[in-house]
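For the protein sequence lines, the chains are A and B, in the order given. The first sequence maps to residues 1 to 290 in UniProt numbering. The second sequence maps to residues 1 to 290 in UniProt numbering.
Worth flagging that the hints you see were computed from the coordinates, not collected in a lab. It should be emphasised that the depicted structure is a prediction, and the values quoted were computed from it without experimental measurement. One or more hints might be untrue.
Because identical chains cannot be distinguished in the list, a pair is counted as satisfied if it fits within a single copy or across any two copies.
Think about it this way: if two alpha-carbon atoms lie no more than 30 Å apart in a straight line, the pair counts; the simulated BS3-like pairs of lysine-lysine are [said to hold, decoys possible]: (1) Lys140 / Lys125; (2) Lys125 / Lys260; (3) Lys145 / Lys263; (4) Lys125 / Lys248; (5) Lys145 / Lys38; (6) Lys153 / Lys21; (7) Lys198 / Lys158; (8) Lys172 / Lys263; (9) Lys137 / Lys248; (10) Lys248 / Lys175; (11) Lys158 / Lys145; (12) Lys162 / Lys4; (13) Lys4 / Lys114; (14) Lys198 / Lys38; (15) Lys224 / Lys198; (16) Lys145 / Lys194; (17) Lys224 / Lys158; (18) Lys153 / Lys140.
2 protein chains.
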Amino acid sequence: MSIKIAIQGIESYFHHLAVQKLFPNNNVTLMPCDSFDKVTANITNLSADFGVIAIENSIAGSILPNYTLIDRENLQILDEVFLNIDMYLMALEGETLHTIDEIHSHPVALQQCKDYLMRVQPHCKIVEGKDTASEAKRIKEGNLKGVAAIAGKQVAEKYGLKILDSHVQSLKEDKTRFVVLGRNTEASPIEANKASLKFILGHEVGNLSNVLQLLNTFNINLTKIQSLPIPEKPWEYAFFVDVLFEDKELFSEVITMLGKTVKELKVLGVYRQNFENTPSHLIENLVHGK
Amino acid sequence: MSIKIAIQGIESYFHHLAVQKLFPNNNVTLMPCDSFDKVTANITNLSADFGVIAIENSIAGSILPNYTLIDRENLQILDEVFLNIDMYLMALEGETLHTIDEIHSHPVALQQCKDYLMRVQPHCKIVEGKDTASEAKRIKEGNLKGVAAIAGKQVAEKYGLKILDSHVQSLKEDKTRFVVLGRNTEASPIEANKASLKFILGHEVGNLSNVLQLLNTFNINLTKIQSLPIPEKPWEYAFFVDVLFEDKELFSEVITMLGKTVKELKVLGVYRQNFENTPSHLIENLVHGK
Chain A
1 MSIKIAIQGI ESYFHHLAVQ KLFPNNNVTL MPCDSFDKVT ANITNLSADF GVIAIENSIA
61 GSILPNYTLI DRENLQILDE VFLNIDMYLM ALEGETLHTI DEIHSHPVAL QQCKDYLMRV
121 QPHCKIVEGK DTASEAKRIK EGNLKGVAAI AGKQVAEKYG LKILDSHVQS LKEDKTRFVV
181 LGRNTEASPI EANKASLKFI LGHEVGNLSN VLQLLNTFNI NLTKIQSLPI PEKPWEYAFF
241 VDVLFEDKEL FSEVITMLGK TVKELKVLGV YRQNFENTPS HLIENLVHGK
Chain B
1 MSIKIAIQGI ESYFHHLAVQ KLFPNNNVTL MPCDSFDKVT ANITNLSADF GVIAIENSIA
61 GSILPNYTLI DRENLQILDE VFLNIDMYLM ALEGETLHTI DEIHSHPVAL QQCKDYLMRV
121 QPHCKIVEGK DTASEAKRIK EGNLKGVAAI AGKQVAEKYG LKILDSHVQS LKEDKTRFVV
181 LGRNTEASPI EANKASLKFI LGHEVGNLSN VLQLLNTFNI NLTKIQSLPI PEKPWEYAFF
241 VDVLFEDKEL FSEVITMLGK TVKELKVLGV YRQNFENTPS HLIENLVHGK
């Protein structure tokens, strides 16, 4: 049984690596998409079984538009994985740090390497591209002299580029969290201890402390919170939160209670916390009909 | 007395417009910068008196890296303004909707116009650029055929481009919030009723509900909250919140109390809420030494 997984990036090393961590022993067919929108659209229109997208980063924080996408397309978060993002500066054979006057990468990657760029390459023109890997590919294929890309190490290996400098990101421990998305017909895994919720509060913003108090009372711990204004409804707010819990049954009961106190509640996913990056049981569960 | 204001964007229409709304009667010299970093750096190194940067948007939510910049550079939020962002599709004279096969703009602008692009221009290559206005400029100067830019109306007028379509953004009411930044030596304005705070909580994440309860008890209303993981400190969180208050003195007292209950507290700015986009009194206050 081959599983089709949509990822962002023409040949995006990091999304691909996230898939490899989660599904090392499965027969996976990657479906590269050139935007996060297309990843979620391909899940919805049944072209892909699952999608894997970056959702937050230790420096830039949440990738808020991706939360909106999950919500709008009614997808479910089914699993997660965390990758250490190590960035390398790479260019054509024969280049050195001193021959480079232009550096290309994805905007988020450029931001992660900002300190390095300002310190070591302040004279360089910085160009935002679609993807870390495809910028490297463009340098190789176009034989672009004086141009370097910032990307993962395996990108340099794949396109035969020379590594000019390594670990160029500001934080040596730069973790990015990726989530596995599926259609919301999937059951949540048995080993679940984490959930992503969206709720809307009315005009009394003070209500938020009541909601948090309720979660707190039942040992449901907040690990993340983001408010988003609701564009059509001034003074109303949507909140995206991630929570950890120990008792899945108690969690379900609290969620039912929570639904009675907020204006709108949506569970975006109930899954396992996966800091250790152990492989996903998602596919086995599906195959065995669990 | 001429005031130097740093803005992001080579000739960025929207940041420029924000400055015009805030300082219509002042002698302002714009200092265009090619990144948000350079805006804040120019304030810190005294090259600019103030900076104006976008901080949140009704669709994409908070621009989290800009919060991090304000915090890291120890700047103060001194005022705010909200702009309705109306987007136009523009190209060289002689082009029509049917002759376009490539569309350039800033990534956030492209996201705001995503529905239009997928519906009306699904065949077009979408190219992310540095800035809405500079992409339009490039089309004009490079005489780029078959290429359109998405930007504000005045950009089309400035560079003599033809408007192919108007109001191409998804939400007809797409508001972006801009803030005025200054060095943290400035006193907060007398008419202040809004504040931006950053606080860090320790390992007991449940503490957040206590903090919100404290604010709530004293009628300090939360209008925004974002948690950010602290990269070097797993399980500790920084929160960026915006609050509204009525009594400035009471607010100061609550802040003093708050400082005793959290691990770290920083006031990023105390200013007036400015939904009506009335001109800023910031410069008059400075001139008259208030």
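Status of the hints after comparison with the structure:
| no. | hint | in the structure |
| --- | --- | --- |
| 1 | Lys140 / Lys125 | both (19 Å within a copy, 21 Å between copies) |
| 2 | Lys125 / Lys260 | neither (54 Å within a copy, 46 Å between copies) |
| 3 | Lys145 / Lys263 | neither (57 Å within a copy, 50 Å between copies) |
| 4 | Lys125 / Lys248 | neither (52 Å within a copy, 46 Å between copies) |
| 5 | Lys145 / Lys38 | between (33 Å within a copy, 27 Å between copies) |
| 6 | Lys153 / Lys21 | within (16 Å within a copy, 47 Å between copies) |
| 7 | Lys198 / Lys158 | neither (40 Å within a copy, 43 Å between copies) |
| 8 | Lys172 / Lys263 | between (42 Å within a copy, 25 Å between copies) |
| 9 | Lys137 / Lys248 | neither (46 Å within a copy, 56 Å between copies) |
| 10 | Lys248 / Lys175 | within (27 Å within a copy, 40 Å between copies) |
| 11 | Lys158 / Lys145 | within (19 Å within a copy, 34 Å between copies) |
| 12 | Lys162 / Lys4 | neither (33 Å within a copy, 44 Å between copies) |
| 13 | Lys4 / Lys114 | between (35 Å within a copy, 25 Å between copies) |
| 14 | Lys198 / Lys38 | within (22 Å within a copy, 36 Å between copies) |
| 15 | Lys224 / Lys198 | both (12 Å within a copy, 15 Å between copies) |
| 16 | Lys145 / Lys194 | neither (48 Å within a copy, 51 Å between copies) |
| 17 | Lys224 / Lys158 | neither (36 Å within a copy, 44 Å between copies) |
| 18 | Lys153 / Lys140 | within (15 Å within a copy, 39 Å between copies) |
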